[in-house]
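A.B. asks: Kindly generate the complete structure, drawing on both the sequences and the hints.
For the record, the sequence lines run as chains A and B. Per this note's numbering, the very first residue in the first sequence carries number 989; after that it's consecutive. Per this note's numbering, the very first residue in the second sequence carries number 119; after that it's consecutive.
Just so you know, these hints were derived from the structure itself, not from any lab. Certain hints may be false.
[As the list claims (entries may be wrong)] Listed next, the in silico SDA-like pairs over lysine to any residue satisfying Cα-Cα at most 25 Å (straight line): (1) K1270(A) / V246(B); (2) K1044(A) / S284(B); (3) K370(B) / L1012(A); (4) K178(B) / Y1127(A); (5) K359(B) / A1080(A).
[Said to hold, decoys possible] Far from chain B, some chain A residues (derived; all Cβ distances over 10 Å): (6) D1030; (7) L1076; (8) D1210.
[Claimed, not checked] Which chain B residues face chain A? A few, computed with CB under 10 Å, are given here: (9) H147; (10) P166; (11) F227; (12) E234; (13) A249; (14) S254; (15) V264; (16) T275; (17) S387.
A virtual CB, placed ideally from N, CA and C, is assigned to each residue, including glycine.
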Amino acid sequence: MKITSRKKKITIFDIVIYFIAAFLFLIVAYPLILVVSCSISDPGLVATGQVLFWPKGINMEGYKQLLNNPNILIGYGNTIFYTVFGTLVNLAVTIPAGYVLSKTMVPGTKLFTGLFMFTMYFSGGMIPTFLLVNKLGLYNTRAVLLILGAFSTYNCIICRSFFVGLPTELEEAARIDGCSPLGIFFKVVLPLSKALLGVMVLYFGVAHWNGYFNAMIYINEDVKQPLQVFLRRILVLAQISANMDEAGDYAAHLADMEALIRYAVIVVSSAPLLILYPFLQKYFDKGVLIGSVKG
Amino acid sequence: MNKTEACKKNKEVKVPTLSLRARIWKYRHYYLLILPALLYVLIFNYGPLYGLQIAFKNYKVSLGMWNSRFVGFRNFIDFFNGYNFWILIKNTLGLSLYEIVIGFPIPIFAALVLNEMGTKSKRVLQTVLYAPHFISTVVLVGIINVMFSPSMGVVNTVIEALGGESIYFMGKPEYFRHIYAWSGIWQEMGWSAIIYLAALSSVDPAHLEAAEIDGATRLQKIRYINIPTILPTIIITLILKFGRIVTVGYEKVYLLQNELNLDVSEVISTYVYKRGIVDSSYSFSTAVGLFNNVVNVTMLLIVNKIAKKVSDTSLF
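C.D. replies: In structure tokens form, the structure reads like this:
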């Protein structure tokens, strides 16, 4: 609660604070605005550095080109698949585990917590994991991107802190009514945990949507690759499937188009999350969910 | 011993103390709930620990892990004597420390600023500051590439407009660390501030009021009330950061690498990836990864111990 008696006088302190705030705002927002502006501007003006803030010479050609790029569509489809099902697997594995860890009267929870925490600090590393995945026959399967990272110790600890904070009266009442622990979890606890579910969907979903490294290591067929792998080719390795053998002005035009596609692809791939997160902001802003990592 | 027996035995106590087996049976449903997580962790987190043995062997896929020839510390010695060992250490520590030095205080500063703002403007700024966190590493590097491009990037446009000469930032090794660390700030400043904002919300309003009555300025309130309140959070975060000092996120470094900046941009984790996954030198890269991991854990324990001594706040 703010102190109500505070005078509404604007002090030098306020001016400094809002000056800093405006600076942070501009620094963070500017690149995002610029990318969107460039993506809908005339490619010639973008290439000559004339688009510095607002779009100039509105042109949606970049987006049209994207729709003609089969890899982008395949990648988009795959990413939606991996995000939806991967997140479901994450939730099914991590949230019940966090619930159990919050029930300290269950024998073994201390041991399980220790078992989980250890993995945060020590691991087999990239190569032994890679060899194990190969051994299990998961290499180049879609399943590998759903399974790897199915459980997250960090998120599990957040779940545990959340469940510890839930009032136990309702669970108690349900138990007296003869509800089994599983029934209590699914029918009583989960409906009370919308905030937690929201945050977990966001955390896991973002990881699936934005991940590229596992796909790069474990998937070797284009039909199974997620969007980020194709993005890497376009944005980082600068390979665009357009034919670059053309000569003269047309080649220059193609180069401009290529740049335009880059901006468009950034917007198209990032838009879903950037539109979604403000709706969940009220959940992750609440400190309760940032369970201390302390065991 | 079943439940009723146990109850009889302990008539005088309110809650009957069951034997361990009876308690496990009583709570059996809970084990069902935690089973998927346990299986996952045992297979995919503890399973690879078995594979660590190849760090001490000359692993041949045809022989299998167990039957491959034992070579002791050979792989580690090869790594330590390699021409790039000190370069890798220098690059990794350099990037890590740079990232901590600027990446640690700035979110705290941002949280303290946000905390002084009005509810509405605070919300708007928060929403904007969080946005880059939701952008993928690939897209972040893509944005850096287009903004710093020598031909059409806005940074060079401004440099040229001011009479300077266009710079190929991505190809100059001397800019690599700055680009890496400051783009990290841009992406995570807001998100990292959340934990401090949460801690700040637990500041006791009575303290602030008392300070106000005593005539404290707002700067003094920050100095003597807000910062001490979030100090434990600051210390825990710092311990965790030092525990990862030899881990530089390979995802971003790998994407920012090119032929021209490799001298400063090759770090241990990207080296493990290249030697292991790309070149299939499994034993050697496992040894490098294990070395990395051991240094991390050691650092974590040391920093944790120091923190415990000087501040009473520690991870464990």
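A.B. asks: Each hint should be assessed against the structure and marked as holding or not.
C.D. replies: Results of checking the hints against the structure:
A distance of roughly 14 Å separates the Cα atoms of K1270(A) and V246(B); the hinted pair therefore holds under the 25 Å criterion. Taking the CA atoms of K1044(A) and S284(B), the gap is near 23 Å; set against the 25 Å cutoff, the hint holds. Only pairs whose Cα atoms come within 25 Å are accepted, and K370(B) paired with L1012(A) is accepted, the gap being roughly 23 Å. Of the supplied pair hints, the one linking K178(B) and Y1127(A) holds, its CA atoms being roughly 19 Å apart against a limit of 25 Å.
Note on K359(B) and A1080(A): the hinted pairing is violated, with a Cα-Cα distance of about 30 Å set against a maximum of 25 Å. The Cβ of D1030(A) sits about 13 Å from the closest Cβ of chain B, beyond the 10 Å cut-off, so the non-interface label holds. No beta-carbon of chain B is positioned within 10 Å of the beta-carbon of L1076(A); the least distance is around 12 Å. Listed as outside the interface, D1210(A) is consistent with that label: its C-beta sits roughly 16 Å from the nearest C-beta of chain B, beyond the 10 Å cut-off.
A cut of 10 Å between beta carbons decides the hint on H147(B): the least distance to chain A is about 4 Å, and the hint holds. With a least beta-carbon distance of about 3 Å to chain A, the hint placing P166(B) at the interface is held under the 10 Å criterion. Hint on F227(B) holds. Least Cβ distance to chain A is approximately 8 Å, under the 10 Å limit. Nearest Cβ of chain A to the Cβ of E234(B): about 5 Å, under the 10 Å cut. The hint holds.
The interface hint given for A249(B) holds, since its Cβ lies 6 Å from the closest Cβ of chain A, which is under the 10 Å cut-off. Checking S254(B) against chain A by beta carbon gives a least distance of about 3 Å; that is within 10 Å, so the hint holds. Among the interface hints, the one on V264(B) holds; its C-beta lies about 6 Å from the nearest C-beta in chain A, closer than the 10 Å criterion. With 10 Å as the threshold, the beta carbon of T275(B) comes within range of chain A, its nearest partner Cβ sitting at about 4 Å, so the hint holds.
A least Cβ separation of about 8 Å between S387(B) and chain A falls short of the 10 Å threshold, and the interface hint therefore holds.
Hint 5 alone, counting from the list given before, is not met by this structure.
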